[in-house]
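Asker: One letter stands for each residue in the lines below.
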Amino acid sequence: MANIRIRRAVTSAALAVLVCCVVGGCSIEPWVKPYERDHMADKIMSLDPNPVSSAYIDHVHDAREGARGATGGAGGGCGCN
Amino acid sequence: MKRGIVGLLLLMLASTGVAGVLPEDRADVLLHSYDGGGVTIQGPSLLVRKQFAQKFSVSANYYVDKVSSASIDVITTASPYKEQRTQKSVGFDYLHDRWTMNLGVISSVENDYSAKTFTFGVSQDVFGDLTTISLGYSLGNNEVRRRGDATFHDTVKMQSYRLGLSQILTKNLLVGLSFETITDEGFLNNPYRQVRYADSGSPIGYSYEREIYPRTHTSDAASLRMRYYLPWRAAVSAEYRDYHDTWGIEGGTFEVGYTHPVDRWTFDGKIRSYSQTKGNFYSDLFPRSHYQNFIARDKELSTFSSQSISIGATYDIMKGGWKFIEKGSLNIVFDHFMFDYQDFRDLRTIAATPGTEPLYNFDADVFEFFASFWF
Chain A
10 MANIRIRRAV
20 TSAALAVLVC
30 CVVGGCSIEP
40 WVKPYERDHM
50 ADKIMSLDPN
60 PVSSAYIDHV
70 HDAREGARGA
80 TGGAGGGCGC
90 N
Chain B
13 MKRGIVGLLL
23 LMLASTGVAG
33 VLPEDRADVL
43 LHSYDGGGVT
53 IQGPSLLVRK
63 QFAQKFSVSA
73 NYYVDKVSSA
83 SIDVITTASP
93 YKEQRTQKSV
103 GFDYLHDRWT
113 MNLGVISSVE
123 NDYSAKTFTF
133 GVSQDVFGDL
143 TTISLGYSLG
153 NNEVRRRGDA
163 TFHDTVKMQS
173 YRLGLSQILT
183 KNLLVGLSFE
193 TITDEGFLNN
203 PYRQVRYADS
213 GSPIGYSYER
223 EIYPRTHTSD
233 AASLRMRYYL
243 PWRAAVSAEY
253 RDYHDTWGIE
263 GGTFEVGYTH
273 PVDRWTFDGK
283 IRSYSQTKGN
293 FYSDLFPRSH
303 YQNFIARDKE
313 LSTFSSQSIS
323 IGATYDIMKG
333 GWKFIEKGSL
343 NIVFDHFMFD
353 YQDFRDLRTI
363 AATPGTEPLY
373 NFDADVFEFF
383 ASFWF
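Which chain is which? The protein sequence lines are A and B, in order. Per the numbering used here, the first sequence starts with residue 10, numbered consecutively. Per the numbering used here, the second sequence starts with residue 13, numbered consecutively.
Note that these hints are calculated values from the structure, not bench results. Glycine residues also receive a C-beta, built at the ideal position from the N, C-alpha and C atoms. Possibly wrong hints are sitting among the right ones.
Said to hold, decoys possible - With a straight-line cut-off of 20 Å between C-alpha atoms, the simulated EDC-like cross-links for lysine to aspartate or glutamate are:
#1 B:282 to A:71
#2 A:52 to B:141
#3 B:183 to A:71
#4 B:339 to B:352
#5 B:100 to A:38
#6 B:169 to A:71
#7 B:339 to A:57
#8 B:331 to B:275
#9 B:78 to B:377
#10 B:62 to B:36
Claimed, not checked - Computed far set for chain B versus chain A, every beta-carbon distance over 10 Å:
#11 73
#12 184
#13 186
#14 194
#15 218
#16 237
#17 340
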């Protein structure tokens, strides 16, 4: 039940952002100015700094766990016998 | 509901637009090694991306798994084997107006399994580039065969729907949301794996028969990721993924990490925890042969948890560039996994009463060595 509540909360939050985007027409002033984004531009802030490595470790997880998806990659085959 | 979200996003993407960015020009050469549970897997992965005409980018990946397996399933019901899986993919990105579109084809071949997957995605930056929204769809057509049985042939059709959102919340905090629904239809079990059932006529008290799975499977996964920039130029990260599917499996993944650069070095550390409940047609020991319509004894469908620790180091090379290469890095990553199964038993031990054998567990070590070049 806790998982379902978390899932609904996350989905609702995402929908709220999307609806704001559509209704607002993206006219909202960015609250983090371009000159304040030097930390975001630092390579240590990348969510996926090494795609070749993250794709491999996602495959390691996928082949040994029941869960799948929402990791940002796409693959084929099994390799899990 | 999910189709509604996708429709809403497509409408929005068609009516708004800000800047988009193509992937970096980059080449990666990776060697990987997995060793655990009687299975060793090694191979290379090569990935190259290149932009042209300032609005196109192409990518290609070549990946190999060389498998040598004497896993717990194999040594209790079959014979150790070796095989190779080769995966090739090509991708194409297009920057138009203020959004990007990507197309890709992935082909994977084993001696008993072939997969072809087509992927499509769009992404767009909005809110003054503070928000990036992405949508993706994949369609896979797979063929399943069985070694030593020329009469066996079946198919699997896979479809995946993805929605992603990354958001700069403050000048130090980046958050990402991902949703993915995957549907499979066709022959979904391993064609070799067997279940065991109580059999008083057998000297060991049980016998084996082939698994039978449903021919459909749908899963939903949602993940939330964050990354925070610390005052001393380092970053902490956290991720949670929630998962459930139509086979009754519920899973949760939690991961925290820390990244710390020192001069030319960057060090990474992560701790990851995963747990899941069992599928509703899984059992370690069925009461009798063909006890129910669907029967499985795949340990990936059992109740289990795994913990892992990951450490990595990156060393920047060619800082001033060399010929057409702008910069490069050498990387090493080590992961140690510990799997503990709550209702999957180790049948290498013969128990007086079937179903009382010790529970199975194993550790695995994973190494990655890779070099990256930007040009």
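Asker: Let me make sure I understand: some of the numbered hints might not hold for this structure. Which ones are they, in numerical order?
Answerer: Hint check: 3, 4, 5, 11, 12, 13, 14 and 16 fail, others pass.
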